[in-house]
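> Protein sequence lines, in the order shown, are assigned to chains Y and V.
Residue 1 is where the first sequence starts when you use the numbering used here, and the numbers rise one by one after that.
Residue 691 is where the second sequence starts when you use the numbering used here, and the numbers rise one by one after that.
Rather than coming from a laboratory, the hints here were simulated on the basis of the structure.
Capping the alpha-carbon separation at 25 angstroms, the derived lysine-lysine pairs in DSS-like fashion look like this:
no.: 1; chain 1: V; residue 1: K787; chain 2: Y; residue 2: K276
no.: 2; chain 1: Y; residue 1: K276; chain 2: V; residue 2: K796
no.: 3; chain 1: V; residue 1: K823; chain 2: Y; residue 2: K276
no.: 4; chain 1: V; residue 1: K964; chain 2: V; residue 2: K1003
no.: 5; chain 1: V; residue 1: K994; chain 2: V; residue 2: K984
no.: 6; chain 1: V; residue 1: K999; chain 2: V; residue 2: K984
no.: 7; chain 1: V; residue 1: K742; chain 2: V; residue 2: K964
no.: 8; chain 1: V; residue 1: K1003; chain 2: V; residue 2: K961
no.: 9; chain 1: Y; residue 1: K276; chain 2: Y; residue 2: K203
Selected chain Y positions facing chain V (in silico; Cβ < 7 angstroms):
no.: 10; residue: E264
no.: 11; residue: V265
no.: 12; residue: E267
no.: 13; residue: A268
no.: 14; residue: M271
no.: 15; residue: S272
no.: 16; residue: G273
no.: 17; residue: C274
no.: 18; residue: T275
no.: 19; residue: Q278
no.: 20; residue: P286
no.: 21; residue: A287
no.: 22; residue: R289
All C-beta atoms, glycine included, are put in the ideal place defined by N, C-alpha and C.
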Amino acid sequence: MDRNYIEIVKNSKPVQFGLLIFIFLTLYFLIPQSENNYLWRLPSLLKGIPLAINNVIFNALYEWFPLKVWDPVFEMYEEKAAFREFTKAVSQGLLFLITVVRELLLGGDKIIDVFVNDAWLKENDWLSWPALPWTATTVGAFLLGYQLNGIRLGLLGGIGALYISVFGNYVPSIQTLSFVLITTPICFVLGLSFGIWGYLDKKVETALQPVLNVMQTMPQFAYLVPIIALFGLGDHAGSIATIIIATPPMIRNTILGLKRISPEVVEAGLMSGCTKPQLLFQVLIPAARRDILNGVNTVIMQCLAMVVIASFVGAKGLGLNLKIALNSLKIGKAAEAGLCIVIIAVILDRFTKAWADKQKNYFENLSFIQRNKFLIIFAFSIVIFSIVAFISDGYFDKINYLYVIPIEKGLTIAHFIDAGVDWVWETFFYSLNSFNKFLLTQVLGPMKQAYLGMPVIATFTLAMGAAFIVGNIRTALIVGGMLLFIALSEYWDRALITMYMGSFAVIMASLNGIFLGSIFGRTERGGRILLSFCDFFETFPSFVYLIPVIFLFNITDTSVLIAAIVYATVPATRYTVWGLKSVPLSLHEAGTMSGVSAFQRWTNIEIPIAFPTVMLGVNQTVVFSLQMVILGALIGTEDLGQIIFGALSRTKDGAGVALTLGIFVSLIAICVDVIVRNWAEDRKKALGLA
Amino acid sequence: MSPTISCNSVYKIFGTNANRLLSESNGSVDAKKFQEAGCIVGVNNASFDVNKGEMLVVMGLSGSGKSTLLRCISRLTDATAGKILIDGDDICLMNNKQLVELRREKMGMVFQNFALLPHKTVIENIAFPLQVKGISTENSMYKALEMVELVGLKGRENYFPRELSGGQQQRVGIARSLAVEPDIWFLDEPFSALDPLIRKEMQDEFLRLQGVLNKTIMFVTHDFDEALRLADRIAIMKDGIIEQLDTPGNIVLNPATDYVKKFTEDVPREKVLKIESIMDAQDPNASDTLEVSKDDIIETVAEKILNSKEIIKVTDPKDKSIVGSINPSKVIKVLFGG
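The shape of chain Y in the complex, shown without the other chains (with noise of 0.2 angstroms):
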């Protein structure tokens, strides 16, 4: 044969992964099924690590660096371990500042309590400090959206916080929105202090990444034992386990605004002739405000999304209330209080979105009344309206409807729903059980027994050829690496059933991202479209996606998947649209002179120019199927996450087993990010748009 063919052949991708799926399968048929086969199954050598970790965490807890403190109770010195002094410390200060903000709002004497002797506050329980009617609460929202953006989100700061009033959330909503307020500032300075720092200063950046991509694709609910065994429970560890979240996408945006500014720019303002500091805040930091701002935008969105997850170890709150609602199968309730979270979301998002790109006049020359109408209404509002509910407490009997409505007494359309789940239920009943029983019994059983009878070593061989074909030899190590810790524990078989749900939510999601992107963004109008849709849909936290998809297919499999590719499905069509504003017009026009029909367009030009656009989207994909995937434990399934939802309630080495279970699912994440992240930087460099 001739030498060149030869090479062509040898360097041919779908050459090299065709053989890759030969050998593959031949492995997967081979090998047989038995426990003493290390080509089988690996030896669980790791074992030992979550009780590794536990013993970690109960060391640093009690035993290391003991303090001598004094017991005011006791009246002599006690050895306390100083991490755990600090972690107490911690957790007070938090639950402080989130107590404050709530009693400002909803009245109450917890403060007060901290500052005068207790027995007297008994005495005089006329010291309280009154709830802020649910009125002035609306007027304020109404006022606060037309200041920053006129009237159009005026009304929607009023209308929602009206919702919510008449319809009786308003205590959960302002417990969910004291939480948010607190953790989000905590977020933001963290963020961009690290942000700062790790763009100062190369070699932080480069140790932050890695930690952020474990942090980012690791399971909220990995994050939860661990929390409780350090800070316990209550509304702090909540806003603990959140700033853990949502902190890593505000360093990335900090990070990435701060890179984006020209060097010009910089150069300027040393031109200009800024000190260090002037430098960092009066120009970088502005300079990349709209990332930074993004990156706020997400945090709060993170937040939003966080409060069932913090629901778990003690915030109260709407999460609260709507896990509550799906445990006890009350759809109307848990619709209800999931759209209270998806209103303050919308509330927040376009607050923070309009207050952004509010601009300043110095030529004005307002008058201190003019500058400050809107604060002086609203004080004036907040005196009048606690007036009047003040003066007609007597014209009530029990409960003062205008300072608070409580949950029992407000309005509510959840027996609506529940009603028109009930008769979709009847009516479809059959239909979409047998489907779901289709889809179990025909596709994802036989899928699922596909995966686990898949031996050790034709995985390894699959994912680090796939490495080594898109990279070189120290991807396909990386790879292989990181499976390795997890083969070597005793939970492989529990990651190949999260690989099966993870891959089939990643495939579906992905199909349907590109079909839709490709269907409605070719236009600019649909494009536009589109994309505020996945908008709209990426500012409902991911456990409104769950409640749904119970009610229709049950406690299955069926639901989590379901749920998994609906919430999957956003960023693969948001990077399919981007992928297909992508490619230039010069292009497209090129292609029409040609004589292309419409499909040849598609896969000869959109795709083939769109497609490192679309594996990112492809990439993120992953990240959110796990993450719902892994969320589906909680209504049941019998992956990782069922372990690690079930380590909450195991005490003596549940933090291990969460913490060790949470990096493996992060671990098949970012397998998968490294192989995809190649491909694309490959096509890219291929087709000269690096």
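Given the coordinates of chain Y, assemble chain V onto it according to the supplied hints.
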């Protein structure tokens, strides 16, 4: 009087071993050898002075090191070796505080892509150098308004950079660089990102401003015609080396190297040369009725000279004294060659 800017054997070499390689080379730097050692030569042994009120245009193609040279002198990058004196003080030895002080008092810079702060309006951008200096908001805003008028942007004070055209954005950049009333004005390809028509307009505007302000200027460009139009002196750079540094007339008449010649070949001389460069000594037979200035560009007065058919007096525009004479045959030679 000592020069405002004075460079003495300035080198800028990028790469990790730059310092060691440079000390081993004993001053004769070969770009190719350095490249093999993993270093890139940005500026290679640049020595020149810029006097007060003079405009030096540094001209070179991309990668010639012209912007790097400018950044060494403003110390946006540190020169690898050499002395750079600003009003007699070595800028390379200054600490951060002195540097900030120097930039706040003496320097202004205009950038190729305008480098406006995207979050600030026109007026805020212009007032920015004043505000970082600690001048009150009110005073800096008044000063900035003055600058807005100077560059002809009145009425657009509250626009954001993104709402302005390229030409207008660069006017803001110019106003900002002038806000602190610097002695030294750096311009890094200020008109390269603009359309040809706007570029011409901005060059005229720039000459008008310089006529009023009389700053010491270093102007970087890759456009030879622009350099000829604006410069008192031109430095032509290639691979980090200054190939020739002279007045536009001398460069066109006597290109020092083949490289410089490539630029000058196609330049219509009558459009570049001043009467000064072709005039003879004073002549008693010269016409009494007509005279031209020694700074006139030949093309602009050619018709007048050729129509007269006589020898014409050449005057110095400053004191109207007679400094020489011009023979129409010289003008014909420039116009039609031979």
